[in-house]
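**Student:** Produce the complete structure using the sequences and hints provided.
The lines below spell out each chain.
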Amino acid sequence: MAEPEAAPRLEVSYEDAVSELEAIVARLEHGDLSLDESLKLFERGIGLMRAASIRLDEAERRVDQLTLDEAGRPVLRPMAGLQPEEDRP
Amino acid sequence: MVLERLALTVTQLTRLIKDRLEAEPALQAVSVAGEVSNYKRHTSGHIYFTLKDAGATLRCVFFRSHAATLTFEPGSGQQVICRGDIGVFERDGQYQLYVHSMQPAGLGDLHAAFLRLKAKLQAEGLFDAAAKRPLPNLPMRVGLLTSPTGAALRDMVRVAHRRYPNLHLIVIPTLVQGPEAPADIVRKLRWAAAPDLRLDLCVLARGGGSIEELWAFNDEDVARAIRACPVPVVSAVGHETDFTIADFAADLRAPTPSAAMEMAVPERALLDRALAGYAERMERTLRARLRRERQRLQALAGRRVLSKPTAPLDAARERLDRAGERLLSHMRLRSERGRLGLGALGDRLQALSPYAVLARGYAIARAADGTVLRSAEETAPGAKVEVLLHKGRLLTRVEQADA
Chain A
235 MAEPEAAPRL EVSYEDAVSE LEAIVARLEH GDLSLDESLK LFERGIGLMR AASIRLDEAE
295 RRVDQLTLDE AGRPVLRPMA GLQPEEDRP
Chain B
24 MVLERLALTV TQLTRLIKDR LEAEPALQAV SVAGEVSNYK RHTSGHIYFT LKDAGATLRC
84 VFFRSHAATL TFEPGSGQQV ICRGDIGVFE RDGQYQLYVH SMQPAGLGDL HAAFLRLKAK
144 LQAEGLFDAA AKRPLPNLPM RVGLLTSPTG AALRDMVRVA HRRYPNLHLI VIPTLVQGPE
204 APADIVRKLR WAAAPDLRLD LCVLARGGGS IEELWAFNDE DVARAIRACP VPVVSAVGHE
264 TDFTIADFAA DLRAPTPSAA MEMAVPERAL LDRALAGYAE RMERTLRARL RRERQRLQAL
324 AGRRVLSKPT APLDAARERL DRAGERLLSH MRLRSERGRL GLGALGDRLQ ALSPYAVLAR
384 GYAIARAADG TVLRSAEETA PGAKVEVLLH KGRLLTRVEQ ADA
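If you're matching them up, the sequences are chains A and B in order.
Start counting the first sequence at 235; every next residue gets the next number (the working numbering).
Start counting the second sequence at 24; every next residue gets the next number (the working numbering).
It cannot be assumed that every hint is accurate.
Quick list of simulated restraints, FRET-style, between CB atoms [as the list claims (entries may be wrong)]:
#	chain 1	residue 1	chain 2	residue 2	range
1	A	ASP270	B	LEU417	21 to 31 angstroms
2	A	ARG261	B	GLY98	53 to 63 angstroms
3	A	SER268	B	ASP219	47 to 57 angstroms
4	B	ALA91	A	GLU294	49 to 59 angstroms
5	A	ARG261	B	ASP219	38 to 48 angstroms
6	A	SER253	B	ALA128	52 to 62 angstroms
7	B	HIS65	A	ALA257	48 to 58 angstroms
8	B	HIS69	A	GLU249	37 to 47 angstroms
Not the full set, but computed from the structure, chain B residues with beta-carbon under 10 angstroms of chain A [said to hold, decoys possible]:
#	residue
9	PRO253
10	GLU306
11	ALA311
12	ARG349
13	LEU418
Here chain A is said to cover these stretches of chain B; the calculated rule only asks that three of the stretch's residues, wherever they fall, bring their Cβ under 8 angstroms from a Cβ of chain A [claimed, not checked]:
#	stretch
14	170-184
15	187-196
16	256-265
17	273-281
These are calculated hints, taken from the structure and not from any lab test.
Bear in mind that the values here come from a model prediction, so they are computed numbers and not experimental data.
Yeah, the Cβ is synthetic: ideal placement off N, Cα and C, and Gly gets one too.
**Tutor:** Printed below as a string of structure tokens:
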């Protein structure tokens, strides 16, 4: 059996990934492609799906407050009273 | 004690004042002009508000029986003429105007200033629909410009994290009322624009208040700072019925701070479901496609018109098998991702796959022409049989075939 090819890491934004994914699904469903073309698109689609999933997980749940440090530069500090742990009694 | 005997009770004194005021003809059936402020219509139907001008304020009560005659809906900031009687509300020691009727008297000064500024900026194109930027579909870092102690902030954090649990919120403490507020809003919008903050979106928010309390958002500099901000700005000021200049200048106006989060933050569960839907559709079409190709090959194999039937067929079959294997290997990858918590879809598909049984120790036997063997009668001693295992395949020759 063929080795599962390592899916290429795609550096695309979530929005680009999803719009390309939409186009790929539509083309696959239209069904006028050769088998090879279909498979290539499918692989690309799976890669995009993975990239989009990664984007969704990228952010970190937190609430920071922008304040000024001693030198007057803006810095981020966790905001007391609004941290996720504190949401849940 | 003489003093004690002479002293009036508070109630007695208040009565005295009440009687004097209500006996004064100049204070009965009197007309008074002023600007409406703190306008509140109680659920009982009574209306409470304050009339004011530059020098003084006057409490007013408009009971439901009289308020029913209103021909317009008064609002804070409006200049009106009220007719009524001055009386005393004993419990609070407050004199007030018991209103019988109310007429609009042109627009309040504040409102007129608001309309002038709105017209000016509109003429400049500051509110043009074309200038409005779309909000990002997936904001990851959202700036909240608001009072750090207000209920608005708490509401926004709650709604945002309910919709998108791993959202990074950055609070930029901002003065949202008082004479210093406009300059502070302008400054904080500039902070929000700092590139290393990497905000995808910012929300300028303040909870409800009187028209005076919301006045900082009717400021020309604030409107220009909103348009100049390189990050899209959502305004969420006051209640649903309050419109400010900031609302017109913003890329999107939300009726309330919580609504701003509903509008700007996507629901994570829906995004996950949409992605899973794409995968499902891709795999369904590809699976159908492979089935069709296989049927085509079988139909060709059944026709004896081809002079050298096996060579092209073998090539086609091999191509098809490879395609199937690639599909299968993708599904396996996806089920691994399912275990990583990215969705159970891969597992579900894997379970549906005819190849899934192989993992449980079953094997598929195929004749040399690729047809799956279901009975010993379909082969004979000496024939080649290909056995597909969970991992790899065996090429075997039949020693004995007992049907």
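**Student:** Next step is simple, just say for each hint if it's right about the structure.
**Tutor:** We went through each hint and held it up to the structure:
{"no.": "1", "hint": "A:ASP270 <-> B:LEU417: 21 to 31 angstroms", "verdict": "holds (28 angstroms)"}
{"no.": "2", "hint": "A:ARG261 <-> B:GLY98: 53 to 63 angstroms", "verdict": "holds (55 angstroms)"}
{"no.": "3", "hint": "A:SER268 <-> B:ASP219: 47 to 57 angstroms", "verdict": "holds (48 angstroms)"}
{"no.": "4", "hint": "B:ALA91 <-> A:GLU294: 49 to 59 angstroms", "verdict": "holds (56 angstroms)"}
{"no.": "5", "hint": "A:ARG261 <-> B:ASP219: 38 to 48 angstroms", "verdict": "holds (40 angstroms)"}
{"no.": "6", "hint": "A:SER253 <-> B:ALA128: 52 to 62 angstroms", "verdict": "holds (56 angstroms)"}
{"no.": "7", "hint": "B:HIS65 <-> A:ALA257: 48 to 58 angstroms", "verdict": "holds (56 angstroms)"}
{"no.": "8", "hint": "B:HIS69 <-> A:GLU249: 37 to 47 angstroms", "verdict": "violated (52 angstroms)"}
{"no.": "9", "hint": "PRO253", "verdict": "violated (16 angstroms)"}
{"no.": "10", "hint": "GLU306", "verdict": "holds (8 angstroms)"}
{"no.": "11", "hint": "ALA311", "verdict": "holds (9 angstroms)"}
{"no.": "12", "hint": "ARG349", "verdict": "holds (6 angstroms)"}
{"no.": "13", "hint": "LEU418", "verdict": "violated (14 angstroms)"}
{"no.": "14", "hint": "170-184", "verdict": "holds (count 6)"}
{"no.": "15", "hint": "187-196", "verdict": "holds (count 10)"}
{"no.": "16", "hint": "256-265", "verdict": "violated (count 0)"}
{"no.": "17", "hint": "273-281", "verdict": "violated (count 0)"}
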